[in-house]
Every structure is written in C-alpha cells, then in structure tokens.
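Start from chain A and add chain B according to the hints.
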Amino acid sequence: MNNPQAVRPTPNPLERFLKTPKGYVLAILVGLTLIAALRPQDHLGLLNAIVAVATGLVFDAGVALLQRRKKLFSDGAVITALIVADVLSHTTPLYIVAATTAVALLSKHVLKVGRKPIFNPAAFGLLFAIVVFATGQSWWGSLALLPTWLILLLLAGGLLITERVNKFPQVLAFLGTYFALLLVMAIFHLGLPSDTPGDALRIPFVNSALYLAFFMLTDPPTTPAPYRQQILFGVIVAGVGTVIFAMSGGLAYLLVGLLVGNIWKTSLHWVTKTAERRGSSPLKKAVKGSANAIRTEEGASDQGLA
Amino acid sequence: MDKSFWGVMIMPTKMGKRLVGICSVAVTAIYTAGYIYTLPSVQAQASSVPSLSPTSNSTPGAAAAAHSASRSSHSRNGTSSSTSAKSGSSKSGTSTNGSSATSASSQSSKSSTKSSSKPPSKPAVKYKDGTYTGSGTNPYGSLSVSLTIAHGKIASVKITQWTMHYPQYVIDPQLPQEVVSMQTWQIYIVSGATASTYNFAQAVYLALQKAKA
Numbered sequence: 011m012n013n014p015q016a017v018r019p020t021p022n023p024l025e026r027f028l029k030t031p032k033g034y035v036l037a038i039l040v041g042l043t044l045i046a047a048l049r050p051q052d053h054l055g056l057l058n059a060i061v062a063v064a065t066g067l068v069f070d071a072g073v074a075l076l077q078r079r080k081k082l083f084s085d086g087a088v089i090t091a092l093i094v095a096d097v098l099s100h101t102t103p104l105y106i107v108a109a110t111t112a113v114a115l116l117s118k119h120v121l122k123v124g125r126k127p128i129f130n131p132a133a134f135g136l137l138f139a140i141v142v143f144a145t146g147q148s149w150w151g152s153l154a155l156l157p158t159w160l161i162l163l164l165l166a167g168g169l170l171i172t173e174r175v176n177k178f179p180q181v182l183a184f185l186g187t188y189f190a191l192l193l194v195m196a197i198f199h200l201g202l203p204s205d206t207p208g209d210a211l212r213i214p215f216v217n218s219a220l221y222l223a224f225f226m227l228t229d230p231p232t233t234p235a236p237y238r239q240q241i242l243f244g245v246i247v248a249g250v251g252t253v254i255f256a257m258s259g260g261l262a263y264l265l266v267g268l269l270v271g272n273i274w275k276t277s278l279h280w281v282t283k284t285a286e287r288r289g290s291s292p293l294k295k296a297v298k299g300s301a302n303a304i305r306t307e308e309g310a311s312d313q314g315l316a
Numbered sequence: 074m075d076k077s078f079w080g081v082m083i084m085p086t087k088m089g090k091r092l093v094g095i096c097s098v099a100v101t102a103i104y105t106a107g108y109i110y111t112l113p114s115v116q117a118q119a120s121s122v123p124s125l126s127p128t129s130n131s132t133p134g135a136a137a138a139a140h141s142a143s144r145s146s147h148s149r150n151g152t153s154s155s156t157s158a159k160s161g162s163s164k165s166g167t168s169t170n171g172s173s174a175t176s177a178s179s180q181s182s183k184s185s186t187k188s189s190s191k192p193p194s195k196p197a198v199k200y201k202d203g204t205y206t207g208s209g210t211n212p213y214g215s216l217s218v219s220l221t222i223a224h225g226k227i228a229s230v231k232i233t234q235w236t237m238h239y240p241q242y243v244i245d246p247q248l249p250q251e252v253v254s255m256q257t258w259q260i261y262i263v264s265g266a267t268a269s270t271y272n273f274a275q276a277v278y279l280a281l282q283k284a285k286a
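Chains as they are written, first to last, in the working numbering: chain A, 11 to 316; chain B, 74 to 286.
Just chain A, same shape as in the assembly (with noise of 0.2 Å):
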C-alpha cells in the first residue's frame, strides 16, 4: 500500500498563489472587474484594466530588471492597475490611466522608507491623476453603478479579504467612524449643498467608501499591525476624509485621508524606531516591547500587497 503522503497531489502554483492574501485580492478584483464591465457603459472599463495591468507588469519587470531580482512578474502591480483601472472613469484617456498607473507604481518604489512604501501606491497615483490630470472617478469597479443588491458581493469580497489579511479592526473603525462623522454632519447640517451626507451615504458614493475600505485600506504594508494602530489609523483616514469631504465635497476626499493616514503610520514607524536606536530614554522598555509586537504582526500579516 502506497505511502498517503506520497500520492498527496502538490498544489500547483496558481493554487498556492491563489491562496495567499495576494491571491485572494487579485481574484477578487478580477471577479469585481469583469462583473463591473457587464454594465454596457463600462465596457471600455475593461480595456482600461487591461491597460493598466500591461503598463503595470511592463514598469515593475523593468525595475526589477534595473535592480537585478530574477522575479520578473509582479504580483502587486497587477494589484494596483487594477484597483486604478477600477476607480478611473471608463472615459478616461487610455494614456493618462497608463501614466496614473506607472505613477502609483513609482511612488512605491521611490517613496519608502527601508523595503516599505509610505503611500498606497493606488490612492496615490489616483490622487496625481486628479491633481495633474484631471481625470474623472467613476468608481465602477464598486459596482456602483450596477443594481443595488450586487453591493453584497463588494461586501462578501471585502470581508474575505480583510479577514484574510488581519484588518477587521482597520477597517471597522473607518467605517464606524465615517458613518458616524456623516451623521453628524446631518444632524448639524454641516457640508456644502452638492455633497451632502445623505449622497455619501448612499450609492454610487458609499460603494467608493466601502472598496476603498476593503481594497485600499487593507494594504499591509501601508497600513499598520497592531490592533490599537489599526484602530487609530481607521479613525484618522475617516476623520480627515470627511472633513475634506465637508469642505469642498468631490470624491479624493477619500483618497487624502488614506495617504494622511499613511504618512501618520510612517511616522508612528520612524518615531518608534528612532527611540528604539536611542535606546536609553525611559521608554525604552515599553518602546522594544511595542517594537518587537509590531515586527511579529508585521511579519504575520505583512504580505506585501502593494
């Protein structure tokens, strides 16, 4: 009788790729995307992606080339041309989301302290494009402009995924603390009068909330580990997401919160670090406590994602 460990079939590569927080992200926005592009409209959303990925894959193979790694593919830029390709206007010009893509791809690259990246590569190259370009945001890889009952699947897409990379207390509090936020804003009357509380909290708005949530929010690397930091970072990207939203409304509100939220977890990262290599403040013990908590949730849950 054969070993039953012997015959066990080994998972091919796409299965193991598949099964990782990467994995998980990539065949989610995939399903979303194609599912987005079934609205006749969107059909040209397609071809944006499809843009996108290729300029992605062309820019990250060139780097690596350029920094002599032998892996070529790359996973993560797959990841953000997607998730820039999805929040893109179908009406966009295919050179700007080719250029929006190989901006958010040089911010990663660029804009980092050691191996990690400060911003989300994504919000940041979607926040050059509106800033330099002038693109429009439709968000349709939300699914928002499809019938209202398909928010389910961004939903259960999102939930996997967050729950995959250890971020419920993340996102949780963002959404906690936006919905919040855009209830006071009601109750007070707070806002201008073309972007009201109301209008973010219903589709086609609140479908960008959620997916920044879900796909944006939950990149490990830009994003802190520990619970507490979680919480805080959820809190501050909803808070000055909304502030920007009461004052002057449109939809990279979103998208500034999250990058504050980046460059206040990168300085949480560097004032730790910097006491931790000073070393004899009274803090020390509590600060290599706190260090090396971090490194270990960073090393479980960072995969890498950007």
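Treat the hints with care, as some may be off.
Said to hold, decoys possible - Here are the simulated DSS-like pairs of lysine-lysine, each with C-alpha atoms no more than 25 Å apart in a straight line:
(1) A/LYS29 <-> A/LYS81
(2) A/LYS126 <-> B/LYS87
(3) B/LYS199 <-> B/LYS285
(4) A/LYS29 <-> B/LYS199
(5) B/LYS231 <-> B/LYS285
(6) A/LYS126 <-> A/LYS29
(7) B/LYS90 <-> A/LYS29
(8) B/LYS199 <-> B/LYS231
(9) B/LYS226 <-> B/LYS199
To be clear, the hints were calculated from the coordinates, so they are not data collected in a lab.
Okay, now just chain B, sitting in the frame of chain A:
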C-alpha cells in the same frame, strides 16, 4: 497582553469572530441611523432634481424630459443604437483629443440633424433678449450656465460654474454648441457623462424659462 509604547495594547491573536460580529452590527446600526436620518432631505432633493435613471420617466424634470426627447429623436433618425456606437468611438476620440465622448456625440447628433429636413425642435416660444442663468444639481455635483438671447434666439451658452465629479471637457464645449445650433435645451445624452448632460440640460432649461417672454 503586552503594554507598549503610546500605551498601546498589543493583541497578538486575531480579532474574535464574535467581536467582529458585534462591531459589524454597530457599524451597520450607525450607517442605518445616518441613512434614515438623511432620508427626508434626499427625498426632497429627488423631487426637485430630475431622475438620473434613463428608465425612470416618472419624475418630472427638464433633464428627464431631455433624455426622453433625445431618445425619441435618435430613434426617429434611425440612430437608436448610437449610444453604444458613441461609447465605442469615444475611446479613440478621447485618446487622440481631450474632448472624448463629446466629439463622437456631436458627430452622431450632427448626422441625425442633417438627415432630417429641419432641426429637431425649433423654439416655438419667443425669448426676451438678455443674459440669463440657470443651474443643475444632482448627487454628482452641480453646474451653472449663462445663456444669452439675441434677436429672440439662443446666441451663446457658457458654463460658468462646475463642481461635477467629472472633468468639464466631457461636455464642454460640445453641449453648449449643441444648444446654440439646435436652439433647444433638448440636447443629446453624452455617453459616459449622463449625469453631467442631465445637469446641463436642467440648467439651460431653467435659464430659458427665465428668458420666456
């Protein structure tokens, strides 16, 4: 548990499913409270702003009427499938020049205008000469127009304020030119910029209402 820097409590294990469930219910409750609280204001807004849904004709409004009018005129001229054709060509148009879908839209509208013996709707009403303003608002933002009437006809339309979530070039200068050439607010829907088209149509309609003799 470990007390660390900034008084941070580090929890080494994953958040329990029960706690996740409780927090999710709390977030849902906050969302529901906000949704219900804002319901009256959203409903009030919906009654004053034309529906964005192309299939919904129940809400009276300029843009909704503009939409149905443009649909019927497209059908009349045998270009009922022009929306998809427009979106198909809009991509190439966008990649070569900045005016994207609007150029394709104008081509289709021009061709449909040419195929008929006279413009789709000549203004039956007389307008007073002068400059009038109108604005349109929907969940995607707002815009304002300044419309000039000379010798009883629409002489020019300018977009004076734009806070839509889409770039202005999606409809400008195409739709203002259409209004002048067709002498009506019943312009053709720009594929990919339906909300902007509706707002623009509403703004022009309101300005024309003011200009009525």
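The hints, checked one at a time:
no.	hint	verdict
1	A/LYS29 <-> A/LYS81	holds (19 Å)
2	A/LYS126 <-> B/LYS87	holds (23 Å)
3	B/LYS199 <-> B/LYS285	holds (6 Å)
4	A/LYS29 <-> B/LYS199	violated (69 Å)
5	B/LYS231 <-> B/LYS285	holds (19 Å)
6	A/LYS126 <-> A/LYS29	holds (23 Å)
7	B/LYS90 <-> A/LYS29	holds (21 Å)
8	B/LYS199 <-> B/LYS231	holds (21 Å)
9	B/LYS226 <-> B/LYS199	holds (8 Å)
Hint 4 from the earlier list is the only one contradicted by this structure; the remaining hints agree with it.
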